[in-house]
Amino acid sequence: MNNFQYTRVSSPAAAIAELSKDPLAKLVAGGTNLIDLMKYGVMAPDKLVDINRLNFNEIRKEKGILHIGSTVRNAVASANGDVLKYQPLLSQAMLSGASPQLRNKATMGGNLLQRTRCGYFYDISAPCNKRQPGSGCSAIEGYNRMHAIFGASDSCIAVNPSDMNVALVALDAVILVSGPKGERKIQMADFHRLPGLHPELDSTLDKKEIITGIVIPDNNFAAHTTYLKVRDRASYAFALISVAVALEMEGTMIKDVRVAMGGVAHKPWRLTAAEQLLKGKTASLQNFKTAAELAMKGAKAFEYNAFKLKLAPNTMVQALKTASGIKA
Amino acid sequence: MTGSSRRDFLKKSSAITAIAFTPAIAVKASDLKLDEKLSEAMEQMPLNIEINGEMHHLKVEPRLTLLDLLRERLKLTGTKKGCDQGQCGACTVHVDGVRTNSCLSLAIMNDGAKITTIEGLANGNELHPMQEAFIKHDGFQCGYCTSGQIMSAIACIHEGHADSETNIREFMSGNICRCGAYANIVNAIQEVKAGGKI
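Note that the protein sequences, when read in sequence, are chains A and B.
Residue numbers are given in my numbering: position 60 of the first sequence equals residue 60, and the series is strictly consecutive.
Heads up, my numbering is the position in the second sequence plus 1000, with the first residue counted as 1.
Just to be clear, a hint being listed does not mean it is correct.
Said to hold, decoys possible - Straight-line alpha carbon distances no greater than 20 Å define the calculated EDC-like cross-link-like pairs of lysine to aspartate or glutamate that follow:
| id | chain 1 | residue 1 | chain 2 | residue 2 |
| --- | --- | --- | --- | --- |
| 1 | A | K39 | B | E1072 |
| 2 | A | K39 | B | E1119 |
| 3 | A | K255 | A | D172 |
| 4 | A | K39 | B | E1043 |
| 5 | A | K47 | B | D1111 |
| 6 | A | K300 | A | D154 |
| 7 | A | K47 | B | E1072 |
What the hints assert, rightly or not - Chain A is faced by these chain B residues, among others (derived, beta-carbon under 8 Å):
| id | residue |
| --- | --- |
| 8 | K1081 |
| 9 | D1084 |
| 10 | G1089 |
| 11 | N1167 |
| 12 | F1171 |
In short, the hints are calculated from the structure, not lab data.
These figures come from a predicted structure and were not determined experimentally.
The beta-carbon is built from N, C-alpha and C at its ideal position, and this holds for glycine as well.
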């Protein structure tokens, strides 16, 4: 690992100041992704700014709104009573990611900024537009089994690896950030971006901004949520396909619904057309299949990931069945 | 040959090999201790850390991982380096009572923390109940993952995740065993959990 300077900050303003004066500085909290990438030489910040002493480690519920600080550990958030009671989908998604040891370290803000696990991104001898803009994409013609089926570009077909992000986009979360120009809120659906011509940018967060927290608005989904993750082993593996489903049921009628997919795109993939179709309909296998068919509109596979075109709708139907509790 | 003398032998022989293959000028530089002066000039930061009940006041480079601090600086080689990438769990230690991968943690970020490693479990000659149970149930074959498995297993019980075989398997999934001792590891954890001693 290249050597670097290390500093601890005790206020968000100090963190923002460090980022403002040194464009090669990076914030570190859990470090489970960043330190790994630094060992590989994929990222080489000249300074790490430790934000663990900032006061962003609180979970609180006010008037139905759940606020989770950005340095709350994934293990803590997933076991929190309010999260389990009001937003169980988030807990389910987080518990299906990584391992207990990693979740003990990894933070909410860090997970939002988790970088892709594309093997070519990690391999510093291979061209990769995300790691080195303009060098080319090795995955398009390479071993692309884990890669995108939605929203890819000629520059990049990598996927966002986070499970947490899939639940957050389904729950209409809002990301709270602070920067040199003050505070702002970013809708979760707008936080991550598609690769387009700039796959080096994963999110719309400015380099001088710091994530301070995540807000989840009130909803009535708690009784009917499912996070279904399909992967190469039973646990501790990234998703081939994952589906987050949240339903508000009235008898057998779907009063409100959210569906999002992971492992399919450069960002957590919200399926709004399928949601529109299901809203107000009866929870039935036929309706779920029709919605899944609609969800797959525009999907495009590469040489090694064509299986996702079948696995994705099948996983979505299964997740909808589980969340709604229908037998068929 | 015992473990420690084998380790000393390897160290000496690799040092001799290093000198044999090093250009004369570098040997001269190392005679003058220039490389040591160079590394001292690089930023060293103070680190106060408690490891297995003993306080250490150290100076470390920011890039030193907790794992390398334990193994290379403090010679606590019970904690193993498997993948060094957070994928195998062999490096699992407890930081302030919570299990973490020491390979993905910078030593400097653990300033003020209390670390427990496999060396800190036994009470004198009396093994920790989890160590006893791993021996009784053959919870290992080659033994390389074992320190990490035991540290994780203890945490698994403390966290309340050892109430069923399914939960034990899920919450032990961060520790990979290539010999495949999983079934025996689960048995060991279940016995310790039932014993109620930890």
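Each hint, compared with the structure:
The hinted pair formed by K39 (chain A) and E1072 (chain B) meets the criterion: a straight-line CA distance of about 17 Å does not exceed 20 Å. Distance hint between K39 (chain A) and E1119 (chain B) is unfulfilled; the C-alpha atoms sit about 27 Å from each other, more than 20 Å. About 17 Å separates the Cα atoms of K255 (chain A) and D172 (chain A), which keeps this hinted pair within 20 Å; it holds. About 19 Å separates the Cα atoms of K39 (chain A) and E1043 (chain B), which keeps this hinted pair within 20 Å; it holds.
Distance restraint check for K47 (chain A) and D1111 (chain B): the Cα-Cα separation of roughly 18 Å lies within the 20 Å cut-off, and the hinted pair is therefore satisfied. With a C-alpha separation of about 13 Å, the suggested pair K300 (chain A) and D154 (chain A) falls inside the 20 Å cut-off, and the hint holds. A distance of roughly 24 Å separates the Cα atoms of K47 (chain A) and E1072 (chain B); the hinted pair therefore is violated under the 20 Å criterion. Taking 8 Å as the C-beta cut-off, the interface hint given for K1081 (chain B) is violated, the closest approach to chain A being about 12 Å.
Hint status for D1084 (chain B): holds, given a least beta-carbon distance of 7 Å to chain A, under 8 Å. Given the 8 Å rule on beta carbons, the hint for G1089 (chain B) holds: about 6 Å separates it from the nearest Cβ of chain A. With a least beta-carbon distance of about 11 Å to chain A, the hint placing N1167 (chain B) at the interface is violated under the 8 Å criterion. A cut of 8 Å between beta carbons decides the hint on F1171 (chain B): the least distance to chain A is about 5 Å, and the hint holds.
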